[in-house]
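Trainee: Construct all of the structure, not just a fragment, from the sequences and the given hints.
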Amino acid sequence: MSTRGTRLGDRLLHIYTWIIIVWLSSPIAVMILFGFNDKKSKSNTSWQGFTLRWYAELFDISDLTVALRNSLVIAAVSTVITVVIGTMLGLALGRHRFRGKGLTNFLVFAAISTPELVMGASLLSLFVSGNVPRDANTIIVAHVLFSVSFVVVTVRARIVTLDPSLEEAARDLGATAWGTFRQVTLPSILPGVMAGAMLSFALSIDDYVVTSFVNGSTVTFPLWIVGAVKTGIPPQVNVMGTLIFGIGVLIAIGNAVAARRRT
Amino acid sequence: MRRLTPYLLALPSWMWLGIFLVVPMAAMASVSLQTGNAIDGFAMTFSFSNYSDALGRYSTQLLRSLLYGGLATVAMLVIGYPVAYWIAFKGGTRKSVYLFLLLLPFFVSFVLRTISWNFLLSDNGILFGTLKGWGLLPEDFHVLATTFAVVGGLTYNFLPFMILPIYVALERVDPRVIEAAQDLYATRTAAFRRVVLPLSLPGVFAGVLMTFVPATADPINAQILGGTANTMIGNIIQTEYLTNLNYPTASALSFTLMAVLLVGIFIYARALGTENVLEAAAR
Numbered sequence: 001m002s003t004r005g006t007r008l009g010d011r012l013l014h015i016y017t018w019i020i021i022v023w024l025s026s027p028i029a030v031m032i033l034f035g036f037n038d039k040k041s042k043s044n045t046s047w048q049g050f051t052l053r054w055y056a057e058l059f060d061i062s063d064l065t066v067a068l069r070n071s072l073v074i075a076a077v078s079t080v081i082t083v084v085i086g087t088m089l090g091l092a093l094g095r096h097r098f099r100g101k102g103l104t105n106f107l108v109f110a111a112i113s114t115p116e117l118v119m120g121a122s123l124l125s126l127f128v129s130g131n132v133p134r135d136a137n138t139i140i141v142a143h144v145l146f147s148v149s150f151v152v153v154t155v156r157a158r159i160v161t162l163d164p165s166l167e168e169a170a171r172d173l174g175a176t177a178w179g180t181f182r183q184v185t186l187p188s189i190l191p192g193v194m195a196g197a198m199l200s201f202a203l204s205i206d207d208y209v210v211t212s213f214v215n216g217s218t219v220t221f222p223l224w225i226v227g228a229v230k231t232g233i234p235p236q237v238n239v240m241g242t243l244i245f246g247i248g249v250l251i252a253i254g255n256a257v258a259a260r261r262r263t
Numbered sequence: 001m002r003r004l005t006p007y008l009l010a011l012p013s014w015m016w017l018g019i020f021l022v023v024p025m026a027a028m029a030s031v032s033l034q035t036g037n038a039i040d041g042f043a044m045t046f047s048f049s050n051y052s053d054a055l056g057r058y059s060t061q062l063l064r065s066l067l068y069g070g071l072a073t074v075a076m077l078v079i080g081y082p083v084a085y086w087i088a089f090k091g092g093t094r095k096s097v098y099l100f101l102l103l104l105p106f107f108v109s110f111v112l113r114t115i116s117w118n119f120l121l122s123d124n125g126i127l128f129g130t131l132k133g134w135g136l137l138p139e140d141f142h143v144l145a146t147t148f149a150v151v152g153g154l155t156y157n158f159l160p161f162m163i164l165p166i167y168v169a170l171e172r173v174d175p176r177v178i179e180a181a182q183d184l185y186a187t188r189t190a191a192f193r194r195v196v197l198p199l200s201l202p203g204v205f206a207g208v209l210m211t212f213v214p215a216t217a218d219p220i221n222a223q224i225l226g227g228t229a230n231t232m233i234g235n236i237i238q239t240e241y242l243t244n245l246n247y248p249t250a251s252a253l254s255f256t257l258m259a260v261l262l263v264g265i266f267i268y269a270r271a272l273g274t275e276n277v278l279e280a281a282a283r
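First to last, the protein sequences are chains D and S. For reference, each letter of the first sequence is one residue, going 1 to 263 in UniProt numbering. For reference, each letter of the second sequence is one residue, going 1 to 283 in UniProt numbering.
Any given hint could be a false lead.
[Said to hold, decoys possible] Okay, derived cross-link-like pairs now, SDA-like style, lysine to any residue, Cα gap no bigger than 20 angstroms in a straight line:
id, chain 1, residue 1, chain 2, residue 2
1, D, Lys-230, S, Thr-228
2, S, Lys-90, D, Ala-157
3, S, Lys-132, S, Ser-122
4, S, Lys-90, S, Ala-145
5, D, Lys-101, D, Val-160
6, S, Lys-95, D, Glu-57
7, S, Lys-95, D, His-14
8, S, Lys-90, S, Arg-188
9, D, Lys-230, D, Ile-20
10, S, Lys-90, S, Leu-199
11, D, Lys-101, S, Leu-11
12, S, Lys-95, D, Lys-230
13, D, Lys-230, S, Leu-197
14, D, Lys-40, D, Ala-56
15, D, Lys-40, D, Glu-57
16, S, Lys-95, D, Ile-19
17, S, Lys-90, S, Leu-197
18, S, Lys-95, D, Val-249
19, D, Lys-40, D, Leu-186
20, D, Lys-101, D, Ala-157
21, D, Lys-40, S, Gly-125
22, D, Lys-101, S, Gly-18
23, D, Lys-40, S, Thr-130
24, D, Lys-39, S, Thr-130
25, S, Lys-90, D, Leu-13
26, D, Lys-40, D, Thr-231
27, D, Lys-39, D, Glu-57
28, D, Lys-230, D, Arg-11
29, S, Lys-95, D, Lys-101
30, D, Lys-101, S, Tyr-7
31, D, Lys-230, S, Thr-239
32, D, Lys-40, D, Val-229
33, S, Lys-90, D, Arg-11
34, D, Lys-101, S, Lys-90
35, D, Lys-39, S, Ile-126
Quick caveat, the hints were computed from the structure, so don't treat them as lab data.
Mentor: Have a look at this one:
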């Protein structure tokens, strides 16, 4: 009796889990579908037939293309800065004892837990007080700020599981500090660094709230989309969203397969 | 040289976090006490009335944000816990596939997801338009621009952040502990309530922290799904900063929001007994 009840409960939970998955994916399905919608009028809310036109005319809206390019450049630059300084701090926190370590940990935590809105508002307060003009550079500054802690955390998590005697062995065999880092430490923390880099790229390309405070007249992909809500989102946005989604999923699957092969 | 290494490694991040996180907070604190306007400039007058003015004018939106954030967090907990439970205990070899499917939405921009959601819910869109066409819904039925749409949007957007930490906590529960409870004649419900649920509390704690703060402070869902009657504090702060250039009021509001969230977290942590939770999480 009790096992039958158990099985029924499990089956219901199984179905329930799938309902939640479908719910979470439904807006994505809509986005992909309406990238193929052959709309005639200005509005794009009803299905009017299949077309590949928007894929062919993907870059026809010049300021949308500029916004997408801005997003990609800003994400690339801020990821490089974030990964370099975040990995350095992750190494310091994971491998060394030093004065101010507790305070540093607190800062890293504070950067993760400050609401985006407050972070954007406080940066704007700083820039206004200091008469700093807002442009792509201030966006990069902000994106490094909210991503760096995630790199620190992933690198630190990776390095504390490593055996320090490997590095000692390398030094005993005559390797320089830099040589030890490049040939022993870096390869073993690389998965953590890569995870941090992907996370920081994704956070940067996705950000609307912080960017909206510090962008000046520079427009990024999310800002352009929010600005276009009132006039109607063109199908090209759906196509770009679909392509970014597809590339992201492919990279994630590729990573998972590569990780499985390695072990 | 070796003794200097950690400082050299930490220096760039210290500078970044110091200059762009700590100093801006001080700048915001100072701006929140100034008076003036964008054309003539602002001057420091230690005007604490910015706070009382801002609160007087926008207490509705502040309370509404806390209410919406709280409702969405409760909804996420209720909706997400069973999913985390099923995947952790019954997911078997396909656990990672289910987690991947739950994370799939994150491959699409937050803004774009919210807009697609708006699109799906639009009055005469593919969902409601079709149902209305079949006569299954009254003509004037609408979801957009309601409280339900905003809280639903917040729940939708942050749900995976609730599911994942609970999943991680449940994953660590040793199934033998549950078997032991059942051997000791605990019913399935009792075993869940007295064994599994307490062991999953650190995950619930983390999930609530990861969702309540961003949901309460999020301006996008209210802007895209809410209409004018459902403005949240995030929208007000954005408008005061970016459109009205009323920096003192906006800074005072930002500080108030952060203070309220911090106090809320503190009370929540106390009520749950953080020490117990942290202890359980460390194990």
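Trainee: Check the hint pairing Lys-40/D with Glu-57/D against an upper bound of 20 angstroms on the C-alpha distance.
Mentor: Satisfied, since the Cα-Cα distance of roughly 15 angstroms is no more than 20 angstroms.
Trainee: Lys-230/D and Ile-20/D were given as a pair; does the straight-line alpha-carbon distance stay at or below 20 angstroms?
Mentor: At roughly 30 angstroms apart (the allowed maximum being 20 angstroms), Ile-20/D and Lys-230/D break the hint.
Trainee: Does Leu-186/D sit within 20 angstroms of Lys-40/D, going by the straight-line distance between their CA atoms?
Mentor: Given that 20 angstroms is the threshold and the Cα spacing comes to 55 angstroms, the pair is violated.
Trainee: Within a Cα-Cα threshold of 20 angstroms, do Lys-90/S and Leu-197/S meet the stated pairing?
Mentor: holds, 16 angstroms
Trainee: Under the criterion that the straight-line Cα-Cα distance not exceed 20 angstroms, is the pair Lys-101/D, Val-160/D satisfied?
Mentor: Holds, at about 15 angstroms.
Trainee: Are the Cα positions of Lys-40/D and Ala-56/D separated by 20 angstroms at most?
Mentor: holds, 16 angstroms
Trainee: Given the hint that Lys-132/S pairs with Ser-122/S, test it: the Cα-Cα distance must not exceed 20 angstroms.
Mentor: At roughly 12 angstroms apart (the allowed maximum being 20 angstroms), Ser-122/S and Lys-132/S satisfy the hint.
Trainee: Is Lys-95/S close enough to Lys-101/D, meaning Cα to Cα at most 20 angstroms?
Mentor: violated, 37 angstroms
Trainee: Taken at face value, is the distance from the CA of Gly-125/S to the CA of Lys-40/D at most 20 angstroms?
Mentor: holds, 16 angstroms
Trainee: For the pair supplied as a hint, Lys-101/D and Leu-11/S, confirm whether the alpha-carbon distance does not exceed 20 angstroms.
Mentor: Holds: Lys-101/D and Leu-11/S sit about 12 angstroms apart, inside 20 angstroms.
Trainee: If you draw a straight line from the CA of Lys-40/D to the CA of Val-229/D, is it 20 angstroms or shorter?
Mentor: holds, 18 angstroms
Trainee: Just to be careful, I want the Cα atoms of Lys-40/D and Thr-130/S compared with a cutoff of 20 angstroms; is the pair within it?
Mentor: holds, 19 angstroms
Going through the hint list in order, the structure does not satisfy hints 2, 4, 6, 9, 12, 13, 19, 28, 29, 34.
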